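Enquirer: Put the two chains together into one complex; each comes in its own frame, and the hints tell you how they fit.
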Amino acid sequence: MSDHQNHHEEQHEENHIVSPKIYAVIAVALLLCTALTVAASYVEMGPWNAVVALAIAVFKATLVVLFFMHIKYSSKLMKLTVGAGLFTFLALVGMSMSDYISRAWGSF
Amino acid sequence: MDSPTAALHEGTHAEHPSYQRHHFVTMAQQKESASFGMWLFLLTEIMFFGGMFTAYLIYRNWYYAAFVAGSHTLSIVLGTTNTAVLITSSFTMAMGVWCAETRRRGGLIVSILLTLALGLVFLGIKSVEYHEKWVQHHVPGLRFDAMTFVHPHAEPGQAAEPPLSLDMAEHTEVYFSLYFAMTGMHALHMIIGMGLLIFMLIKAIRGAYDNGNIAFIENFGLYWHFVDIVWIFLFPLLYLISRHQ
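Protein chains in written order, with our numbering: chain A, 1 to 108; chain B, 1 to 245.
Simulated from the structure, these hints should not be mistaken for laboratory data. This structure is a prediction, so every number in the text was calculated from the model and none was measured. Be aware that a few hints might be false.
Unchecked claim - Taking beta-carbon pairs under 7 Å as the criterion, some of the chain B residues facing chain A (in silico):
| id | residue |
| --- | --- |
| 1 | Trp39 |
| 2 | Thr81 |
| 3 | Ser177 |
| 4 | Leu222 |
Said to hold, decoys possible - Reference excerpt, derived from the structure (chain B facing chain A, CB under 10 Å, subset only):
| id | residue |
| --- | --- |
| 5 | Phe53 |
| 6 | Phe91 |
| 7 | Val97 |
| 8 | Thr102 |
| 9 | Glu161 |
| 10 | Pro162 |
| 11 | Phe216 |
| 12 | Ile232 |
| 13 | Ile241 |
Said to hold, decoys possible - Mimicking DSS-like on lysine-lysine, the simulated pairs with C-alpha atoms at most 27 Å apart in a straight line are:
| id | chain 1 | residue 1 | chain 2 | residue 2 |
| --- | --- | --- | --- | --- |
| 14 | A | Lys79 | A | Lys21 |
| 15 | A | Lys21 | A | Lys76 |
| 16 | A | Lys21 | B | Lys126 |
| 17 | B | Lys203 | B | Lys31 |
| 18 | A | Lys21 | A | Lys72 |
| 19 | B | Lys31 | A | Lys79 |
| 20 | B | Lys31 | A | Lys72 |
| 21 | B | Lys31 | A | Lys76 |
The beta-carbon is built from N, C-alpha and C at its ideal position, and this holds for glycine as well.
Just chain B, with the same shape it has in the complex (with noise of 0.2 Å):
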């Protein structure tokens, strides 16, 4: 109690928030702590994605016309509408931020309604491209066939694919698996996003946030905008940068 700090605490201590921890001397500081330590998580997030994303650009660079002939195959049109959808609700949570930061429940309600709404529509339209790659033989280790590539049909109104050689064929398989791991890595951090959505949203109603606690939701922000950042990398390296070779 002789220490400076627990003098400023006991001075201080009727300008408390209910929800300001003990340990921290200010609220700005236990905020400041919290963004830190979300921010520190994100970090690990960035190493864990990196990796793959390093194992993309040297399998891609190892076996280039497989990766071209493979990113071929994905839906330029499935995947902008992705990305907008993904941005637009990385807006609708930036909005639930600001709505929880100025108190206002209604607001925040649906702000997450619609950030749910939005995630929703992007796995669905996620999981559209999934079952085509499960038609078209395109799925790693369960349903895979790369004759497709040593023989490929013209679409009706395209020009056909190049042919590969039967070997390089074959490693249209690693780029789908790069494929597979990070668009569904990425999936599965928006399926926890979602349930983390679904838990803030009965929290909201219950009216939790209206003491101005809001920790976890600027936190969440975070995580949801760091899950945009990863698709945000994840659509011109997956679906665009190889249209022309």
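So that you can see chain A by itself, here it is in the shape it has in the complex (with noise of 0.2 Å):
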């Protein structure tokens, strides 16, 4: 059973588990984050407004995927799978909006 019980603790080794405190840090920052967001919101900025948002908001996805998702502690097939996809979702979005921009712009 103590055999049985010590192999898993070295698979939990390489596995690596994030640690309560990182999770504790990380959810304080997208706390603190939520408030500046809010914050930020309030000054009058024009179309910067948007800019800072949505900076912010990258910010915090940023985090929640590396630290609350693991990626920062993962393989490099799972850093390359997630960037894949954040290369593919921009190419969409940029494409699509690129030909709309073009066509009729508005105030941003």
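Expert: Below you can see the structure in the form of structure tokens.
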């Protein structure tokens, strides 16, 4: 039984368990970013309001992917999978937007 | 049986956990495959929500004044509260994964219960917002009246919204259509997630995860965090970015 237990301990070592401390730090960072983005929305910045809000959202999403979803500690295959998804998403949205932007562009 | 894989398999068989499938050489390979499959599913989910985000960006650009006016009808207080609730539920779910990884059955059960409770709070606040839309005749197709945007009346203590032309006011229906489509699909993902949480809760209470067979919990964690990420983008796009226009 104790051999069995040791074996699993070793397995956990190589799988890398993210500690509660890191989860707590990330959760606090995400809540602070939420407060920041709400505060920023009350500041008149013209078109920059959207840019700042989306930049903060991208930062928050990156924290979630890297730490809550363990990608920082994952294999290159996982990192490449996430990267490929992000690239495809940006290519599809970017291409669609460039088409519409060049047809009728109002005030953004 | 003569292949190297088979030989390795035979050689290490005694050390296998009982839940390792026969077609995987090591537990690490099985775990990697499970995460890989889950991420591929999440990529299809990104494309699914991505289509709606793109539609939102394009229509916001076309009917800008309507989208600004529509956005102003949302409550920043409720939206911010829900963002905090969902982030906290992501944290409790991450703690659930940690408890499962370190075989803390009690901690796992508490984490699942907290995640469920926070999910319920989120949906509760969301339903308050939906009810408000119903009362204000802002539900496209079912109960919609654009005239409040043509003749806006001032809330107590606030300046009245600038009136829209009838043509532009009618396009607020596009904003609310996208609002309900995006938040509705997000809420549906949460309802499905909460069903899975109840399933995991029952299994956790029965001790099904005590042997370390926790791929389901880990993959559910990825799903729940993905739903959190969708909201992280919905919140600024729907609630925040048009406050000053």
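Enquirer: Next, verify each hint and record whether it holds.
Expert: Do the hints match the structure? See the list:
1. Checking Trp39(B) against chain A: minimum C-beta separation of about 5 Å stays under 7 Å; hint holds.
2. Interface hint at Thr81(B): violated, since its Cβ lies 10 Å from the closest Cβ of chain A, which is beyond the 7 Å cut-off.
3. Given the 7 Å rule on beta carbons, the hint for Ser177(B) is violated: about 18 Å separates it from the nearest Cβ of chain A.
4. A cut of 7 Å between beta carbons decides the hint on Leu222(B): the least distance to chain A is about 6 Å, and the hint holds.
5. Satisfaction of the interface hint for Phe53(B) is found here, the shortest Cβ-Cβ separation to chain A being roughly 7 Å, below the 10 Å cut-off.
6. The beta carbon of Phe91(B) comes within 4 Å of a beta carbon in chain A, closer than 10 Å, and the hint placing it at the interface holds.
7. With 10 Å as the threshold, the beta carbon of Val97(B) comes within range of chain A, its nearest partner Cβ sitting at about 8 Å, so the hint holds.
8. Checking Thr102(B) against chain A by beta carbon gives a least distance of about 7 Å; that is within 10 Å, so the hint holds.
9. Violation of the interface hint for Glu161(B) is found here, the shortest Cβ-Cβ separation to chain A being roughly 17 Å, above the 10 Å cut-off.
10. Interface restraint check: Pro162(B) against chain A, minimum CB-CB distance 14 Å, threshold 10 Å, status violated.
11. Taking 10 Å as the C-beta contact cut-off toward chain A, the hint placing Phe216(B) at the interface is violated, the least distance being around 16 Å.
12. Satisfaction of the interface hint for Ile232(B) is found here, the shortest Cβ-Cβ separation to chain A being roughly 5 Å, below the 10 Å cut-off.
13. Hint status for Ile241(B) relative to chain A: holds, with the closest Cβ pair at about 4 Å, below 10 Å.
14. Restraint check for Lys79(A) and Lys21(A): satisfied, since their Cα atoms lie roughly 23 Å apart, inside the 27 Å limit.
15. For the hint linking Lys21(A) to Lys76(A), the alpha-carbon distance of about 25 Å falls within 27 Å, and the restraint holds.
16. Distance check on the hinted pair: Lys21(A) and Lys126(B) sit about 31 Å apart at the alpha-carbon level, beyond 27 Å; violated.
17. Straight-line distance between C-alpha atoms of Lys203(B) and Lys31(B) comes to about 20 Å, which keeps the hinted pair within the 27 Å bound.
18. Taken as a hint, the Lys21(A) and Lys72(A) pair is honoured in the structure, with Cα atoms around 16 Å apart against an allowance of 27 Å.
19. Taking the CA atoms of Lys31(B) and Lys79(A), the gap is about 15 Å. The hint holds against a cut of 27 Å.
20. With a C-alpha separation of about 16 Å, the suggested pairing of Lys31(B) with Lys72(A) holds against the 27 Å cut-off.
21. Taken as a hint, the Lys31(B) and Lys76(A) pair is honoured in the structure, with Cα atoms around 14 Å apart against an allowance of 27 Å.
When each numbered hint is compared with the structure, violations occur for hints 2, 3, 9, 10, 11 and 16.
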